[in-house]
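Residue strings, one per chain:
There are 4 protein chains.
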Amino acid sequence: MKEKAILLAHCASVEGIMVDITDFLYKNNGNIVRFDQHVDTDIQHFFIRAEWLLDGFNIPSDKIQEFFKTLVADKYDMKWEIQFLPSKPRIALFVSKYGHCFYDILSRYDNGEWNIEIPLIISNHEKFRGIAEKFNIPYFHIPKSKDNKSQQEEKELSLLKEHKIDLIILARYMQILSGKFIVEYPERIINIHHSSLPAFPGSNPYKSAYIRGVKFMGATAHYVTEELDAGPIINQNVIPISHRENISQMKRKGKDIEKVVLAEAIWSHINHRVLVYKNKTVVF
Amino acid sequence: MKEKAILLAHCASVEGIMVDITDFLYKNNGNIVRFDQHVDTDIQHFFIRAEWLLDGFNIPSDKIQEFFKTLVADKYDMKWEIQFLPSKPRIALFVSKYGHCFYDILSRYDNGEWNIEIPLIISNHEKFRGIAEKFNIPYFHIPKSKDNKSQQEEKELSLLKEHKIDLIILARYMQILSGKFIVEYPERIINIHHSSLPAFPGSNPYKSAYIRGVKFMGATAHYVTEELDAGPIINQNVIPISHRENISQMKRKGKDIEKVVLAEAIWSHINHRVLVYKNKTVVF
Amino acid sequence: MKEKAILLAHCASVEGIMVDITDFLYKNNGNIVRFDQHVDTDIQHFFIRAEWLLDGFNIPSDKIQEFFKTLVADKYDMKWEIQFLPSKPRIALFVSKYGHCFYDILSRYDNGEWNIEIPLIISNHEKFRGIAEKFNIPYFHIPKSKDNKSQQEEKELSLLKEHKIDLIILARYMQILSGKFIVEYPERIINIHHSSLPAFPGSNPYKSAYIRGVKFMGATAHYVTEELDAGPIINQNVIPISHRENISQMKRKGKDIEKVVLAEAIWSHINHRVLVYKNKTVVF
Amino acid sequence: MKEKAILLAHCASVEGIMVDITDFLYKNNGNIVRFDQHVDTDIQHFFIRAEWLLDGFNIPSDKIQEFFKTLVADKYDMKWEIQFLPSKPRIALFVSKYGHCFYDILSRYDNGEWNIEIPLIISNHEKFRGIAEKFNIPYFHIPKSKDNKSQQEEKELSLLKEHKIDLIILARYMQILSGKFIVEYPERIINIHHSSLPAFPGSNPYKSAYIRGVKFMGATAHYVTEELDAGPIINQNVIPISHRENISQMKRKGKDIEKVVLAEAIWSHINHRVLVYKNKTVVF
Chain A
1 MKEKAILLAH CASVEGIMVD ITDFLYKNNG NIVRFDQHVD TDIQHFFIRA EWLLDGFNIP
61 SDKIQEFFKT LVADKYDMKW EIQFLPSKPR IALFVSKYGH CFYDILSRYD NGEWNIEIPL
121 IISNHEKFRG IAEKFNIPYF HIPKSKDNKS QQEEKELSLL KEHKIDLIIL ARYMQILSGK
181 FIVEYPERII NIHHSSLPAF PGSNPYKSAY IRGVKFMGAT AHYVTEELDA GPIINQNVIP
241 ISHRENISQM KRKGKDIEKV VLAEAIWSHI NHRVLVYKNK TVVF
Chain B
1 MKEKAILLAH CASVEGIMVD ITDFLYKNNG NIVRFDQHVD TDIQHFFIRA EWLLDGFNIP
61 SDKIQEFFKT LVADKYDMKW EIQFLPSKPR IALFVSKYGH CFYDILSRYD NGEWNIEIPL
121 IISNHEKFRG IAEKFNIPYF HIPKSKDNKS QQEEKELSLL KEHKIDLIIL ARYMQILSGK
181 FIVEYPERII NIHHSSLPAF PGSNPYKSAY IRGVKFMGAT AHYVTEELDA GPIINQNVIP
241 ISHRENISQM KRKGKDIEKV VLAEAIWSHI NHRVLVYKNK TVVF
Chain C
1 MKEKAILLAH CASVEGIMVD ITDFLYKNNG NIVRFDQHVD TDIQHFFIRA EWLLDGFNIP
61 SDKIQEFFKT LVADKYDMKW EIQFLPSKPR IALFVSKYGH CFYDILSRYD NGEWNIEIPL
121 IISNHEKFRG IAEKFNIPYF HIPKSKDNKS QQEEKELSLL KEHKIDLIIL ARYMQILSGK
181 FIVEYPERII NIHHSSLPAF PGSNPYKSAY IRGVKFMGAT AHYVTEELDA GPIINQNVIP
241 ISHRENISQM KRKGKDIEKV VLAEAIWSHI NHRVLVYKNK TVVF
Chain D
1 MKEKAILLAH CASVEGIMVD ITDFLYKNNG NIVRFDQHVD TDIQHFFIRA EWLLDGFNIP
61 SDKIQEFFKT LVADKYDMKW EIQFLPSKPR IALFVSKYGH CFYDILSRYD NGEWNIEIPL
121 IISNHEKFRG IAEKFNIPYF HIPKSKDNKS QQEEKELSLL KEHKIDLIIL ARYMQILSGK
181 FIVEYPERII NIHHSSLPAF PGSNPYKSAY IRGVKFMGAT AHYVTEELDA GPIINQNVIP
241 ISHRENISQM KRKGKDIEKV VLAEAIWSHI NHRVLVYKNK TVVF
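Protein chains in written order, with my numbering: chain A, 1 to 284; chain B, 1 to 284; chain C, 1 to 284; chain D, 1 to 284.
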């Protein structure tokens, strides 16, 4: 895999941006392998993602950010980042008692589908220690109650820092994280919710879907924000259901969309394809 | 098309029902062309739909209901109906200013896809009088305001009765019907809502979907009940969307799912395939 | 609707293209409302579509093509076109005995969903003359047999020319057009095939789908080329089926995807969103 | 999980079947938990699946098959089987170099999603020995060449017999099994093909899909028969693609539908929900 830089940026859509960006990229001999641009015409906002090879680019890697800031970003008051690939993001898995997403992520990891590290697993149950050990991943059992939640989150945060975690995946982790925790990892905690949000937030969406008699059910991967199940949606999918699916069949079928929806969201995140603006995402 | 009887029934699931029903149908020489049965095991409730040829059936057509009531329905405290096909249900179309569902239904009618009559169209606008006249369907312009709503609904009800209407289709009719109106046509008013309920009830769901940043949008056909957009769902469908669809593109794409979802719900209803129980449907 | 220019272009992906294009568009004060770019990295081919307001653009409308040719297109040996909106493409409808796509297009036309003219309808049957007359569209009955096909196609071509037709829609037209005919309207004849090509080309795909026992069926809109059902695919869609759908139910359900798939392809074409390269499409 | 019997049967659709079956099941006090029936009206063929509790059923478990044969099956020349649950089918996994389906099945197994045994894994490569050992499953490396294929299949068959295998899963096993092998496990070998058959059979379907420019791609799980990729389809699914997916992205996305489609087919098979007739399936 060749070394690449990836630009993610957004700002108000005004004249000149595209010329400045293409000048920056192309006139400096950037070999662009992917270029995506979007203007949300309803709010006149500009989004861009560009991916180019470092080899042959006129600006040295360690200067790219400084140059981009000066030549482009500051002019337009952009929110932006430039990332480099290959990188190996360090992911912490949080899991409770449902294993389907958890196993799926471990499988992709062990099978080499994703270029990641999983330095630790955190769970409020002992249940999955065995499988964690099979894959040689440290497993921390941190049970939570009303009384010790704040204290236990401190412990978790200190583990996350110690292991230099870049991204937290809540793989059906059945504990609500506090605002204090979330603020430490803005747009870096991904949760999978087992419904097609905004339908059926909160607990037991399959039962709610059954009671309401919907003909589709789904799953939603989103960044965690302080308001429960209301963060920016990264990915969703749905499947048709009918009277033939009782709650237990919904749960069974739901597992498969949950794990695929979550995995695709993780892939988009670690490949720097997600931009967040106004509690929504642009996924290039 | 051969003459057929259709049984739709449901009751608590207890011993004996299936034997009594199969005895009734098969021992009387019923030539069954379709037989669907369902037990909702979460609430132990039994649903059945059977469709058989009248030709050769031992019980004469005009006695079938009486016999079924005595031999089967009363024993199990069933909610049931027996319908006969071919029939030509008489449908009233209600429309406002969006024509896509309206045109679609007229097309199916004129093209002979459905075996129905459309004796009248009611609208709170004059807009579609021209097209109604092309298809020779009486068009009643009944505008509504806060002040005259109750009076105008009286007028509508009397038109519906005069024209012996079996089914009312709200083809994007943008007026809320009163409880007094709805109660006259229980499970006989079908509305199309332009979102995948329960997400985004009420007005302007496309805008809400845009703001929430969902990755799927949909349409829902449901029986109208007094609570807005909360009646039994007959049919739904969804399509993927992304940041590339602004509100105007959502509206454009939404039209196509709306009209198809509504049409399929109407087809299910007029072919006696829908059972309603606990504000949900079983669609066989 | 404001006046806009639309550039569609593709060429081998080499250095400099993007700078030249963004210079052309942005440095001349183009107010870009949509900009899409794609590089097919498997074959190193570059595709672009840009849509900008004429108002304020430095190059006068009647010079845009000349300037683009000189400043950009010739340098890169591009295949390109620049179109202007609003325009009112003139569409000829060809239909046989199935009316669902035909009615659907007429509905969108009459309801003002598309900005088009339909100056004539051609059919090998008399069946739809009545509905054509309702919509005041000239209807030409041109029946075909082995013996008169070439002669009848001449008649059709002369009608198409006389009416200055831009685009031909085969709305379930059940006659195979000759190569001689097709070559007159390259990438300007759109057909709807009632299967998800390349599965089940040719006649009776629903029966073939039934016999093969597939669990999905679909529809495909494509540009017509000399090889039957093998032209560039513009749009497809599919729906799940099961043993519960017999051939007649497949046909019924198929109608709804056929008409929606075809309509979306037409919309993409008349909005200049389709690029054809190597018998495939890029639909922006 | 309570003990249950499951009847799967099909025969020509003639009078009397349903009465005899409901008499058999209901009059003997069968507590039916699921009952599905289907008549293919295009060929007048009858299919049934019934699932009932053994507890309370008048006919003892070990006599059910004899009684059903005498009282029902022989009268109608049925193809039928009666199975009992819970059972623990013994599954052999065949895998080559792609691990996604393989890991997915191991995950469901280890996580207890399915009530199965996996007594052995067979591969023509050494690649996955490590993961097999983590899960304590014997791993047999049986490489194949033109010259030794017949001999190696003998070895495989003897291992399968020795381990009393009920079902063989080809989890992206890239070797074609001989007719001699297949005939030993009729309707008991499930393959996953990485396209939506009948489109793109054989090798490299993603490349073919890319070249043809289709807008959907899919996966198909089917029973293996002697004709390559032509056996009865158990399950399919598809996802939309566009010019934005190159072959490598298709492969990536394809993995997720492949594994889910295969898993659902396995679930249907081990829960005795699949009937095969005329090279097609009825999946209840």
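Don't take each hint at face value.
It does not matter which identical chain is meant; a pair holds if it fits inside one copy or across any two.
[Unchecked claim] Mimicking EDC-like on lysine to aspartate or glutamate, the simulated pairs with C-alpha atoms at most 16 Å apart in a straight line are:
| id | residue 1 | residue 2 |
| --- | --- | --- |
| 1 | Lys161 | Glu184 |
| 2 | Lys251 | Asp77 |
| 3 | Lys134 | Glu66 |
| 4 | Lys251 | Glu113 |
| 5 | Lys97 | Asp110 |
| 6 | Lys251 | Asp20 |
| 7 | Lys146 | Glu227 |
| 8 | Lys155 | Glu133 |
| 9 | Lys88 | Glu3 |
| 10 | Lys134 | Asp110 |
| 11 | Lys79 | Glu66 |
| 12 | Lys161 | Asp42 |
| 13 | Lys149 | Asp36 |
Think of the hints as simulated: they come from the structure by calculation, not from any bench.
Taking the hints in turn, this is what the structure says about them:
1. For the homomeric pair Lys161 and Glu184, the shortest alpha-carbon distance inside one copy (10 Å) is at most 16 Å, but the shortest distance between copies (57 Å) is not.
2. Proximity of Lys251 to Asp77 under the C-alpha cut-off of 16 Å is found in neither arrangement, the shortest distances being 46 Å within a copy and 32 Å between copies.
3. With identical chains, the CA atoms of Lys134 and Glu66 are never at most 16 Å apart, being 44 Å at best within one copy and 48 Å at best between copies.
4. In this assembly of identical chains, the alpha carbons of Lys251 and Glu113 lie at most 16 Å apart only when taken from different copies (11 Å versus 26 Å within one copy).
5. Taking identical chains as interchangeable, the C-alpha atoms of Lys97 and Asp110 lie at most 16 Å apart only when they sit on different chains, with a minimum of 14 Å there against 21 Å within one chain.
6. For the homomeric pair Lys251 and Asp20, neither the shortest alpha-carbon distance inside one copy (50 Å) nor that between copies (34 Å) is at most 16 Å.
7. In this homomeric assembly, Lys146 and Glu227 never come within 16 Å of each other (Cα to Cα): the closest approach is 19 Å inside a single copy and 38 Å across copies.
8. In this assembly of identical chains, Lys155 and Glu133 lie within 16 Å of each other by CA distance neither inside one copy nor across copies; the values are 21 Å within and 34 Å between.
9. In this assembly of identical chains, Lys88 and Glu3 lie within 16 Å of each other by CA distance solely inside one copy; the values are 13 Å within and 48 Å between copies.
10. In the homo-oligomer, the alpha carbons of Lys134 and Asp110 lie at most 16 Å apart both inside one protomer (11 Å) and across protomers (12 Å), since each shortest distance falls under that limit.
11. In this homomeric assembly, Lys79 and Glu66 come within 16 Å of each other (Cα to Cα) only inside a single copy, at 14 Å, whereas the closest approach across copies is 38 Å.
12. Neither within a single protomer nor between protomers do Lys161 and Asp42 lie at most 16 Å apart by alpha-carbon distance, with minima of 40 Å and 41 Å respectively.
13. When the C-alpha separation of Lys149 and Asp36 is checked against a cutoff of 16 Å, the pair qualifies neither within a copy, at 42 Å, nor between copies, at 48 Å.
Hints 2, 3, 6, 7, 8, 12, 13, counting from the list given before, are not met by this structure.
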